[in-house]
Amino acid sequence: MTNSEKNRLKDKAFQVFGVFCTFIGLVVLAIFLIDIVIEGVARIDWDFLTSLPSRRAARAGILTAWAGTLWILVLSAIIAFPLGIAAGIYLEEYAKKTKLSNFLEINIANLAGVPSIIYGLLGLELFVRIMNLGGILLAGALTLSLLILPIVIVTTREAIKAVPRTIRDGSFALGASKWQTVWHQVLPASFGGILTGVILALSRAVGEAAPLIVIGALAYVPFVPRSPMDEFTVLPIQIFNWTSRPQAAFLTNAAAAIIILLLITFLLNGIAVYLRHRQQKKIKW
Amino acid sequence: MRVQEKIIEGLLWLSAAITILITVSIIWVLLSESVKFFSEVSIVRFLTEKEWTPLFAEKKFGIMPLVAGTFLTTVIAIAVALPIGLTIAIYLNEYAHARFKTFIKPLLEVLATIPTVVYGFFALTVVTPFLQSFIPGLAGFNALSAGIVMGIMIIPMISSLSEDAISAVPRSLREAAYGMGSTRLQTAFGVMVPAASSGILVSVILAISRAVGETMIVAIAAGQQPRLTLNPLVPIETITTYIVQVSLGDVPHGSLEYRTIFAAGMTLFVFTFLLNNLSFWIKKKYQEKYD
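Protein chains in written order, with this note's numbering: chain A, 1 to 285; chain B, 1001 to 1291.
Calculated from the structure, these hints are not laboratory results. There could be a bad hint or two in this list.
[Said to hold, decoys possible] Straight line, CA to CA, 25 Å or less: simulated SDA-like cross-link-like pairs of lysine to any residue: (1) A:K97 to A:L187; (2) B:K1050 to B:L1230; (3) A:K161 to B:T1272; (4) B:K1101 to A:I31; (5) B:K1036 to B:F1046; (6) A:K96 to B:G1010; (7) B:K1006 to A:T98; (8) A:K178 to B:V1003; (9) A:K161 to A:L83; (10) A:K97 to B:A1017; (11) B:K1050 to B:L1031; (12) B:K1283 to B:L1031; (13) B:K1283 to B:T1272; (14) A:K97 to B:K1284; (15) B:K1006 to A:E105; (16) A:K6 to B:M1180; (17) A:K281 to B:H1097; (18) A:K99 to B:W1013; (19) B:K1283 to A:S101; (20) A:K281 to B:L1107; (21) A:K10 to B:R1171; (22) A:K97 to A:E158; (23) B:K1050 to B:L1138; (24) B:K1284 to A:A95; (25) A:K161 to A:G192.
With the sequences and hints as input, model every part of the structure.
Structural data, given as structure tokens:
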């Protein structure tokens, strides 16, 4: 075999390896999803969705868990979005290229890299102890808001950046002030992009268990939370709790709860992908 | 009008400034509790003792077993994610059709959107029993399956960041290599990967930082036994798992046990902070070499 034949063979071999690597992760994921569905889908029925937790696996449901997840989602959205979008607007539209704005940028990138469990420790000390809230919904939502804030800020900035200069110039030329330009031109034009980022941030928050465990969310909450001041649990914590029990029946429960959690996650991500797709199709500057 | 504009700008600035407040709060919370911890346990003991048993009657406060556990799961995860992720990046850039690329990239991103507690369940109930079928002596909780599953989770992180880095290399370099008669493989490893090495390095560092801070997979599948070992077959405990373990129990506020989670958290924060800033530094230093 000549040298160039050898090289061509190696090239082909790597191509095959490349296909293998590209699909290995997806194949593993598929195996896993099928395994989960086989194990859990029979357990999902109306009772499972509407029952309170129980020490007996067959009677336990996820009512309090998904209600808690829903509460956490709504509250975190209310807290994090105005803050994150406002910060994004400031950094993209107002901030001058100074040392301070440079520092702000590095700082936000750093916050995005802080492990979620550290946010849990922050929430534990700040909200649970110092503000004396205890392990309630509001404390959990505040903690997760801080966690997703960097994501909201970064995606808001990217969406705003995509709005062309000419739109702002046109608005200024008509005598609009800075804020009028931002509010009436830039924000509506970037709304789709911001919404996409916001939904992705929420899908991140839905799956978080560690920071909520640290602030003291309980695994066993025998009632549906009625206000932000109530104790709570969320789906990921319920899954964690069931997974760490030795009885097989609880593993089946965990698989069933995972199906519900994945449905929520995929739904949120699906909406985000759809919005981004529509945005890219619709707008041609 | 003028006043209103100023007020709005002030409010927007305040929102941005809150992010600094968050960083300061994180550091302050970790430091203040850690300082109290280190006033009772010397740093020397913390760094040199070989056991971590703060919850036992006979207390030992050596962080090294937790660091070893974290190190072990991280190394396994990177050993899985780096070859696969980098190969995907090269394959998509040098071999695959553009249409295949636009189809496969969002699918790979799905791997990163799955909640980590779900990956933990997977590691414990699928991967560990599977590995046990041909690795005798693999414990029910172990670093190996947690690390492998964590590696699968961070594949898209390495593949997409490395892909960005490789596609940022100017076309002319690739064409020059082809012009010299190189195959695609020779072009990829002889020209493109070296040219994109700083970007690839950044992706790996960020992946390491992510793996170090990962919590639920290891909390579910790697065990809760702090152990100074590099044996991937036995139960270990990571820094993050220890924090979860204490949080699940009933440790009174202000006790030494309560403070251990902040000392552990401080250690974790220092690691990830250094890694993240190293990646920013490399990015800044080498980014615009070709512009």
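Original post:
Given the hinted pair K281 of chain A and L1107 of chain B, is their alpha-carbon gap at most 25 Å?
Top reply: 20 Å, holds
Subject >> Distance restraint between K99 of chain A and W1013 of chain B, which requires alpha-carbon spacing of 25 Å or less >> reply: Holds, because 15 Å separates the two Cα atoms, which is no more than 25 Å.
Original post:
Is K161 of chain A close enough to L83 of chain A, meaning Cα to Cα at most 25 Å?
Top reply: 18 Å, holds
**OP:** Please work out if K1283 of chain B and S101 of chain A have their alpha carbons no farther apart than 25 Å.
**Re:** 18 Å, holds
Subject >> Satisfaction of hint between M1180 of chain B and K6 of chain A, Cα-Cα up to 25 Å >> reply: 17 Å, holds
Subject >> Agreement of K1006 of chain B and E105 of chain A with the hint, judged by alpha carbon distance not exceeding 25 Å >> reply: Roughly 22 Å between the alpha carbons, so the hint for K1006 of chain B and E105 of chain A holds.
Original post:
Under the criterion that the straight-line Cα-Cα distance not exceed 25 Å, is the pair K1006 of chain B, T98 of chain A satisfied?
Top reply: 19 Å, holds
Subject >> Distance restraint between K161 of chain A and T1272 of chain B, which requires alpha-carbon spacing of 25 Å or less >> reply: Roughly 29 Å separates the two Cα atoms, so the pair is violated.
Subject >> Distance restraint between K1283 of chain B and T1272 of chain B, which requires alpha-carbon spacing of 25 Å or less >> reply: 16 Å, holds
Original post:
Would the pair K1050 of chain B and L1031 of chain B pass a check requiring their Cα atoms to be no farther apart than 25 Å?
Top reply: 24 Å, holds
Subject >> Pair hint K97 of chain A and E158 of chain A, alpha-carbon separation not exceeding 25 Å >> reply: 17 Å, holds
**OP:** For the pair we were handed, K1284 of chain B and A95 of chain A, check the Cα-Cα distance against 25 Å.
**Re:** OK: K1284 of chain B and A95 of chain A at ~21 Å, within 25 Å.
The structure is inconsistent with the numbered hints 3, 12, although it conforms to all the rest.
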